[in-house]
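S.K.: Listed here are the chains, written in short residue letters.
Number of protein chains: 2
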Amino acid sequence: MMRTPPAKPGDRLDNVDTPALIVDLDALEHNLDRMQEIADAAGVVLRPHAKTHKCPTIGGWQVTRGAVGQCCQKTEEAERLVEGGVEDVYVSNEVVGATKLARLAKLARHANISVCVDDARNVADLSTAASKAGSTLDVLVELEVGGGRCGVRNPQAAADLAIEITGAPALRFAGLHVYNGSIQHARTRAERLAAGHVLQHKVGETLEALSGKGLECPRITGTGTGSFREDIEVGCLNELQCGSYVFMDADYGRNLGGGDAPISDFRQSLFVLATVMSKPEPGLAVLDAGLKALAFDSGPPLIDTSPGLTYLAASDEHGEISGAPESLPTWGSKILLVPGHCDPTVNLHDHYVGVRNGVVEKVWAIAARGAGT
Amino acid sequence: MMRTPPAKPGDRLDNVDTPALIVDLDALEHNLDRMQEIADAAGVVLRPHAKTHKCPTIGGWQVTRGAVGQCCQKTEEAERLVEGGVEDVYVSNEVVGATKLARLAKLARHANISVCVDDARNVADLSTAASKAGSTLDVLVELEVGGGRCGVRNPQAAADLAIEITGAPALRFAGLHVYNGSIQHARTRAERLAAGHVLQHKVGETLEALSGKGLECPRITGTGTGSFREDIEVGCLNELQCGSYVFMDADYGRNLGGGDAPISDFRQSLFVLATVMSKPEPGLAVLDAGLKALAFDSGPPLIDTSPGLTYLAASDEHGEISGAPESLPTWGSKILLVPGHCDPTVNLHDHYVGVRNGVVEKVWAIAARGAGT
Numbered sequence: 325m326m327r328t329p330p331a332k333p334g335d336r337l338d339n340v341d342t343p344a345l346i347v348d349l350d351a352l353e354h355n356l357d358r359m360q361e362i363a364d365a366a367g368v369v370l371r372p373h374a375k376t377h378k379c380p381t382i383g384g385w386q387v388t389r390g391a392v393g394q395c396c397q398k399t400e401e402a403e404r405l406v407e408g409g410v411e412d413v414y415v416s417n418e419v420v421g422a423t424k425l426a427r428l429a430k431l432a433r434h435a436n437i438s439v440c441v442d443d444a445r446n447v448a449d450l451s452t453a454a455s456k457a458g459s460t461l462d463v464l465v466e467l468e469v470g471g472g473r474c475g476v477r478n479p480q481a482a483a484d485l486a487i488e489i490t491g492a493p494a495l496r497f498a499g500l501h502v503y504n505g506s507i508q509h510a511r512t513r514a515e516r517l518a519a520g521h522v523l524q525h526k527v528g529e530t531l532e533a534l535s536g537k538g539l540e541c542p543r544i545t546g547t548g549t550g551s552f553r554e555d556i557e558v559g560c561l562n563e564l565q566c567g568s569y570v571f572m573d574a575d576y577g578r579n580l581g582g583g584d585a586p587i588s589d590f591r592q593s594l595f596v597l598a599t600v601m602s603k604p605e606p607g608l609a610v611l612d613a614g615l616k617a618l619a620f621d622s623g624p625p626l627i628d629t630s631p632g633l634t635y636l637a638a639s640d641e642h643g644e645i646s647g648a649p650e651s652l653p654t655w656g657s658k659i660l661l662v663p664g665h666c667d668p669t670v671n672l673h674d675h676y677v678g679v680r681n682g683v684v685e686k687v688w689a690i691a692a693r694g695a696g697t
Numbered sequence: 325m326m327r328t329p330p331a332k333p334g335d336r337l338d339n340v341d342t343p344a345l346i347v348d349l350d351a352l353e354h355n356l357d358r359m360q361e362i363a364d365a366a367g368v369v370l371r372p373h374a375k376t377h378k379c380p381t382i383g384g385w386q387v388t389r390g391a392v393g394q395c396c397q398k399t400e401e402a403e404r405l406v407e408g409g410v411e412d413v414y415v416s417n418e419v420v421g422a423t424k425l426a427r428l429a430k431l432a433r434h435a436n437i438s439v440c441v442d443d444a445r446n447v448a449d450l451s452t453a454a455s456k457a458g459s460t461l462d463v464l465v466e467l468e469v470g471g472g473r474c475g476v477r478n479p480q481a482a483a484d485l486a487i488e489i490t491g492a493p494a495l496r497f498a499g500l501h502v503y504n505g506s507i508q509h510a511r512t513r514a515e516r517l518a519a520g521h522v523l524q525h526k527v528g529e530t531l532e533a534l535s536g537k538g539l540e541c542p543r544i545t546g547t548g549t550g551s552f553r554e555d556i557e558v559g560c561l562n563e564l565q566c567g568s569y570v571f572m573d574a575d576y577g578r579n580l581g582g583g584d585a586p587i588s589d590f591r592q593s594l595f596v597l598a599t600v601m602s603k604p605e606p607g608l609a610v611l612d613a614g615l616k617a618l619a620f621d622s623g624p625p626l627i628d629t630s631p632g633l634t635y636l637a638a639s640d641e642h643g644e645i646s647g648a649p650e651s652l653p654t655w656g657s658k659i660l661l662v663p664g665h666c667d668p669t670v671n672l673h674d675h676y677v678g679v680r681n682g683v684v685e686k687v688w689a690i691a692a693r694g695a696g697t
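First to last, the sequence lines map onto chains A and B.
One point on numbering: in the working numbering, the residue at position 31 of the first sequence is 355, and numbering is uninterrupted.
One point on numbering: in the working numbering, the residue at position 308 of the second sequence is 632, and numbering is uninterrupted.
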């Protein structure tokens, strides 16, 4: 079911229907340029994560600037990215189940596809699927490095799994996946640097274990928008997976750099535009954007231009804003919200409305929105 | 962008791709029948809320059983419902902004459309839009009855607004909207009954104020799956808006009836099917369903058939399940989750997979998913 876009090119921002997902194109382009500069300066490959933007159009802009391809988390996201012209896609996640594996293996006939594993049964299933499809899959071993989620737990297990991959028809061992999601929102540089040293140590031991089995490790891939500075500094990755930097969000905005100073590399480019649909009593304004327009897992949105106002409470289709009566927006007016968490907020919308200087320049589909299988 | 359905009729539940939104058709039909029986026995009209199912197919099943039409919250939802064959749609919410009002007024040329207001400026804008479209809108006054969100705050203001409506071209005063969202999840019958008495008192005063101005009040509409029993008992509504009863969820399951006994009128019919994609250490299983497949605003999902297991933590595409190692599901197996909150969970999916006796009987689109404007 194709949704009606909330705007068309040439519309003024004030005339965009709400709730709408707004992208500040100047800020987005700044962010895309800046991250590629950082990767280039560090001498590492950038493979941005499409789990944030879910959109081959933005993926294409990243590749044009020098990215090697895209990461994603789901087979269906990979399908949308390849359909949209991305030629090198890494599903940085385990893909389990015959239906998904058949699709992934088929996709590898049309693009370079890599995927990660943490279980020998999955290696066998991937090999069967790729052999059947007549394709080859690059397979990385996921090594747990602090997140406590997926991934083999020790270097020896990683090396054993790498051997399984090298012995399996239609698979190539492509490297190590080492992502620590839990450190991305650690506020201080000291915490993130400590996690970087743990990562470095565990990767070092694993490279030794691989070497002991005569295996080279082409890719060592990981990190995110929160921890890439420290992970570059400890120097054990050759591929960066950062995704959220394209948009940023309220929660990433709370991370601090050296000396606990704010970090200014990236600008907030993602917003939700909402309308004040009710002002029923002094000190309260009700917006038309709640749980179905914004993600709340990392806290409520911020109110872009009015830090004195608070997004107090969300229900399914409403948001309550409190503040001094004279500072509240007027009935019927529109305001921009900074989402608490960018990825799941994007997943609630079907279109990006790209704005520059207050005018809509481009409206485009979020092709992999909801692509969850 | 049309998503690929995760199953087709005839598939076994075990072969449905994941994550998928599963509907137990026996339980759904039981719920549809039961609520219509309850409304009939109480002598009140049932107008179920489509904000839960977002689907004219299910809306049609409700109308076939005796419902007068549907409620929804958004203009775009109303458009999808009318396109899908529903002939009487109430947008039980304020609609603000010229674009939306023009669409709503146009829709009223093809179906009976009603909407609620809490501001005289909105009455004027609705009248302008309906006059321009050559249609007539039924307009209800929203009276705040405890939720503290939208709605005029006192009976006199409600009566004044009703007079505005009766004086406005192309509008008809259709009644009072009195919904208290905050009481739906109050656990005890005593709390909900107390709220019902507050509702009764405020509605009584408002009917007097309307009568004092010579106005009749055709519809008094409100309540939800949590509080309808008590609101029927106090007897001040003639139209029920319950929506969540079609599916139920973990949070509604925690409401208690008389003597603090569990309530058994409705069965859980909505589930998310997930795959165990990693078992990296004893006591931990990682599922492929996280923030992008389930809503967490009312708590994590329950694990349907294994109450000893806990859905511990969600990230964007993962869910971590903890429990005794021997009770955890096996690697690659699939399990059913009971969503914490049904409405925003439905909003993350594009298809219902209807299952009976372990076999997929019907797969159909959630036509108004994401219809937020």
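Rather than coming from a laboratory, the hints here were simulated on the basis of the structure.
Do not take every clue at face value.
Which copy is meant is left open, because identical chains are indistinguishable; a pair holds if it fits in one copy or across any two.
[Said to hold, decoys possible] With a Cα cut of at most 25 Å, we get these calculated BS3-like pairs of lysine-lysine:
(1) Lys686 - Lys456
(2) Lys332 - Lys658
(3) Lys456 - Lys430
(4) Lys430 - Lys332
(5) Lys686 - Lys332
(6) Lys658 - Lys686
(7) Lys686 - Lys430
(8) Lys456 - Lys537
(9) Lys658 - Lys537
(10) Lys456 - Lys332
(11) Lys686 - Lys537
(12) Lys332 - Lys537
(13) Lys537 - Lys430
S.K.: Hint by hint, say whether it matches the structure.
M.R.: Hints and how they fare:
1. Lys686 - Lys456: neither (42 Å within a copy, 30 Å between copies)
2. Lys332 - Lys658: within (17 Å within a copy, 43 Å between copies)
3. Lys456 - Lys430: within (9 Å within a copy, 54 Å between copies)
4. Lys430 - Lys332: Between copies, since 20 Å is at most 25 Å while 36 Å is not.
5. Lys686 - Lys332: Answer is within: at 7 Å inside a copy they meet the 25 Å cutoff, but 36 Å across does not.
6. Lys658 - Lys686: Classified as within: same-chain Cα gap 20 Å, cross-chain 41 Å, threshold 25 Å.
7. Lys686 - Lys430: neither (33 Å within a copy, 27 Å between copies)
8. Lys456 - Lys537: neither (29 Å within a copy, 78 Å between copies)
9. Lys658 - Lys537: The answer is neither: 62 Å in one copy and 35 Å across copies each exceed 25 Å.
10. Lys456 - Lys332: Close across copies (23 Å), not inside one copy (45 Å); limit 25 Å.
11. Lys686 - Lys537: neither (52 Å within a copy, 52 Å between copies)
12. Lys332 - Lys537: neither (58 Å within a copy, 46 Å between copies)
13. Lys537 - Lys430: neither (31 Å within a copy, 71 Å between copies)
Violated hints, in rising order: 1, 7, 8, 9, 11, 12 and 13; the structure is consistent with all others.
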